[in-house]
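Novice: What follows is each chain in one-letter form.
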Amino acid sequence: MSFITVFRTFAVLLAIFAISMTGTPTKSFAKSKFVFANSSPYDTLDPHVIYDVGRVASRLNMYDGLMRWLDNPPKLTPWLAESYDISSDGKKYTFKLRKGSTFHDGSPVEAKDVVYSIERILALKKGAFSLFSKSLDPGSTKAPDAHTVVFNLKKPSSIFLATVPAIHVVNSDLLKSKEVNGDWGGVWLSKNEAGSGSFELTRYDPAIGFQAKRYANHFMGWGDKYLDEIEFRTVKEINSRVLGLMNGDFHGTDGYLPQDQVKRLAADDNMNVMEEESMRIFYSIIHNGRKPFDDVNLRKALSYAFDYDSFINNILSGSVARNPVPVPNNIWGNPKDEKGYTFDLEKAKEYLAKVKQPIPEITIGALTGYGQTEQAAALLQNGLSKIGVKSKIVSEPWSVASKKMRDEQQMYDLLWLWRSTYYADPNNWIGEMYACDQVGARNNSWYCDPEVDKLLMEARVEPDQAKRAANYKKAAKMVTDDAGGIFVYNTKWFGPYNKKVKGVRFSPIGNAQEMRWVHME
Amino acid sequence: MRTLVLVINRLLWFVPTLVGLMIITFTISHIIPADPVAFFAGENATNEQIEELRARYGFDKPLHIQLINYLIGVTQGDLGVSIYTQRPISEDLLSRLPATMELTFMAVLLSTVVGIPLGVIAAVYRNTMFDHVLRVITVSGLAIASFWLAILFQLLFAMELQITPLQGRIDGWGPEVITGFFLIDSIIAGDLDSFTNAAAHLVLPTLTLAFPAMATIMRFTRAGVLDAINSNYVLYEQAMGFPSRIIIWKYVLRNALIGTVTQIGLVFGILIAGTVVVEAVYDWPGLGLYAVEAILNSDYNAIMGFTLITGAFFIIINLIVDIIQGVIDPRN
Chain G
1 MSFITVFRTF
11 AVLLAIFAIS
21 MTGTPTKSFA
31 KSKFVFANSS
41 PYDTLDPHVI
51 YDVGRVASRL
61 NMYDGLMRWL
71 DNPPKLTPWL
81 AESYDISSDG
91 KKYTFKLRKG
101 STFHDGSPVE
111 AKDVVYSIER
121 ILALKKGAFS
131 LFSKSLDPGS
141 TKAPDAHTVV
151 FNLKKPSSIF
161 LATVPAIHVV
171 NSDLLKSKEV
181 NGDWGGVWLS
191 KNEAGSGSFE
201 LTRYDPAIGF
211 QAKRYANHFM
221 GWGDKYLDEI
231 EFRTVKEINS
241 RVLGLMNGDF
251 HGTDGYLPQD
261 QVKRLAADDN
271 MNVMEEESMR
281 IFYSIIHNGR
291 KPFDDVNLRK
301 ALSYAFDYDS
311 FINNILSGSV
321 ARNPVPVPNN
331 IWGNPKDEKG
341 YTFDLEKAKE
351 YLAKVKQPIP
361 EITIGALTGY
371 GQTEQAAALL
381 QNGLSKIGVK
391 SKIVSEPWSV
401 ASKKMRDEQQ
411 MYDLLWLWRS
421 TYYADPNNWI
431 GEMYACDQVG
441 ARNNSWYCDP
451 EVDKLLMEAR
461 VEPDQAKRAA
471 NYKKAAKMVT
481 DDAGGIFVYN
491 TKWFGPYNKK
501 VKGVRFSPIG
511 NAQEMRWVHM
521 E
Chain X
522 MRTLVLVINR
532 LLWFVPTLVG
542 LMIITFTISH
552 IIPADPVAFF
562 AGENATNEQI
572 EELRARYGFD
582 KPLHIQLINY
592 LIGVTQGDLG
602 VSIYTQRPIS
612 EDLLSRLPAT
622 MELTFMAVLL
632 STVVGIPLGV
642 IAAVYRNTMF
652 DHVLRVITVS
662 GLAIASFWLA
672 ILFQLLFAME
682 LQITPLQGRI
692 DGWGPEVITG
702 FFLIDSIIAG
712 DLDSFTNAAA
722 HLVLPTLTLA
732 FPAMATIMRF
742 TRAGVLDAIN
752 SNYVLYEQAM
762 GFPSRIIIWK
772 YVLRNALIGT
782 VTQIGLVFGI
792 LIAGTVVVEA
802 VYDWPGLGLY
812 AVEAILNSDY
822 NAIMGFTLIT
832 GAFFIIINLI
842 VDIIQGVIDP
852 RN
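For the protein sequence lines, the chains are G and X, in the order given. Okay, so the first sequence: first residue is 1 according to this note's numbering, each after it adds one. Okay, so the second sequence: first residue is 522 according to this note's numbering, each after it adds one.
Accuracy of the hints is not assured; some may be wrong.
[What the hints assert, rightly or not] Subject to a maximum C-alpha distance of 35 Å in a straight line, what follows is the list of computed DSBU-like cross-link-like pairs (lysine-lysine):
#1 X:K582 with G:K191
#2 G:K154 with X:K582
#3 G:K477 with G:K155
#4 G:K134 with X:K582
#5 G:K225 with G:K474
#6 X:K582 with G:K178
#7 G:K236 with X:K771
#8 X:K582 with G:K291
#9 G:K176 with G:K263
#10 X:K582 with G:K125
Because the hints were derived from the structure by calculation, they are not lab data.
Between the sequences and the hints, there should be enough to build the whole structure, so can you do that?
Specialist: Here is the structure:
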């Protein structure tokens, strides 16, 4: 075969290819199909292995729990449970399951499935395990009958109820049949589902995402308007997600896009951008356990050296809400009257003068790829230079920072980051960020004040929410007065949706990714 | 016989090369002070939980023991389990391999089919306006960053002109998987809609990936043809009255292609690595996107698996290229 022949063949093939690619492919969405572009990959569907906000859609849409967080501010609502009872000593939680709930294979949801689900979480030690490891022993949860579940806690807990929605109930009979080498059906469940949720899995590809159809027999029933099908696809690039929305390829994406992209979408005729104040606070950890940061005067100087207004109004275009304490603005337990710190270099100098110990060059940590943390670090560095304090910025990936945060020696002097909502209780923030028993784990500032700790510990067991709120308010004021960290803002969620999409319900726990109320107009 | 010796020689080096590659990758990935277990367990995890998970995945052992265990596993066909997906790495890689291979093959095909003829034409019409224009194009192809070019293509072809899809591999989920190559699978299934849809989705990623490769091939071909054109045998053939079309495309090109074919082999490897960027922009569900996630998550086994598979492909492709080179070399 001569080269001329070879090239002719290639040319013909190329021509066929070129002809085939002309013209826009038809977008063949069913009338009630919703496509969501998600930044996090759905690399596993196992609801007991993951517990991050980025992949919440698979858990919320295909699984049910005894309770559910709904709306904003989040309300804890009975879901698979129709009622619950808490013993007077706060150690026994009894849930009555509603009758008629079924898994996607048609079998009934029973108490044994709830017991299996919590035992599975405790055995795998992944996902939401940390929420239950200190309160529940394996084998302590009982099912006295098919519709009653009793959680016997090791010690009284007022936050247990708030964490119950994290127990996604799996079909125990199905999973037991899929177990291999005592893996609790892990390999099978990473690619399949065993839930009773509003949608049942129809297709899954870890590289693409998942597709699910409406489960007509879901216990909540369906009104006149609903989605027949949902599809959550992984689209890593922000630009591709935004262009895809504008192009009509997707109907929604996550609500934490950069402001320039939010404005771009808001200006599009086919888009509707919803706005809600979320519960995700942005702050800087200060390493209270390291000298000279154990001196409150230095910490106050740092707090006065940060230009809050410039950061919020100029850099972030006012797209967030000032949140001066370690409890989100929109949850009970937030001290509304606490104003926190302002940018005041004179006061910063004043407090700096009171510091007796020599001040070394300060290491300000930021997270690579999270521009706001780097911007905040630079702004603080600028403020510090004006009061004569040297600092350097170290930006590292989250996989590196998350390791250093747990090591007292390796931890940065300061580190900018967010604290998200895992359960809507002040303990999720101040109760973990500043409790002595969380030092080196969820308390990465090595802050341990006996009085604050006493308030937090009382609040963890006190059943009366009003008394708990008082404790959290007082503790939040004390931590703020101690300048335990630099508290900047509470995030706002800007959910971009195609204008045809109606019925979106936002909750800070699910970020509006539960689709059972959504429909297409 | 010479070819057989070459193949045996290369195969003997195959294993040591891959072992060396794995040792280097293992060392580099572990030098980074990341903790995949703490990262995977999440910010709420207790320290006890992290330590237990670390032991479960063998990360508590000394590095050299981890490396030896990994190499032993590889000899048994076990590339380990991804800490994130909870699935065997081989399963994850195999599910994504066809997407990357389809894209890479198309990019190689396009860059070769376009690059070689343009290189020949540029050489024949050297120092003319045509040659200068091609030079500008090739320099641009080599200089422009792929991610930027990809976004420009998206804006122009998908958003402005609306003649190509924006991203993804196909609308929906594609034809039934037989080979994993959507173009082939849709033909086997007789599904013309899926074929055109998959082909349309291939356009922009292929163009982005092929552009710098095409520039390289074009420059190599041009240089090879110029070298050959000035040879005595070409002068002889011209004196014999052979039509210049025959001389160029039949005799000159065969000599000139020896260097170009070598370059195509290298380009193939570069393109596989290049998919990391292109797949990320176009959300192409292949190995590149998987590698990006693996690196961001410090998923050691996934990083090693990606490196191993791309390294193996690179070696195999270059072996094939060497064989082809031996076949087309007129001196053999």
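Novice: The structure should be examined with respect to each hint, and the outcome stated for every one.
Specialist: Hints versus structure:
1. Annotation: proposed proximity of X:K582 to G:K191 holds, straight-line Cα distance about 30 Å (limit 35 Å).
2. For the given pair, G:K154 sits about 33 Å from X:K582 by alpha-carbon distance, which is consistent with the 35 Å threshold.
3. Pair hint G:K477 plus G:K155 holds up; C-alpha atoms about 28 Å apart against a cutoff of 35 Å.
4. Of the supplied pair hints, the one linking G:K134 and X:K582 holds, its CA atoms being roughly 27 Å apart against a limit of 35 Å.
5. For the hint linking G:K225 to G:K474, the alpha-carbon distance of about 46 Å lies beyond 35 Å, and the restraint is violated.
6. A distance of roughly 31 Å separates the Cα atoms of X:K582 and G:K178; the hinted pair therefore holds under the 35 Å criterion.
7. For the suggested pair G:K236 and X:K771, the alpha carbons sit about 48 Å apart, so the restraint of at most 35 Å is broken.
8. Straight-line distance between C-alpha atoms of X:K582 and G:K291 comes to about 33 Å, which keeps the hinted pair within the 35 Å bound.
9. Proposed proximity of G:K176 and G:K263 is contradicted: the alpha carbons are some 49 Å apart, above 35 Å.
10. A distance of roughly 20 Å separates the Cα atoms of X:K582 and G:K125; the hinted pair therefore holds under the 35 Å criterion.
In this structure, the hints that do not hold are numbers 5, 7, 9, in rising order.
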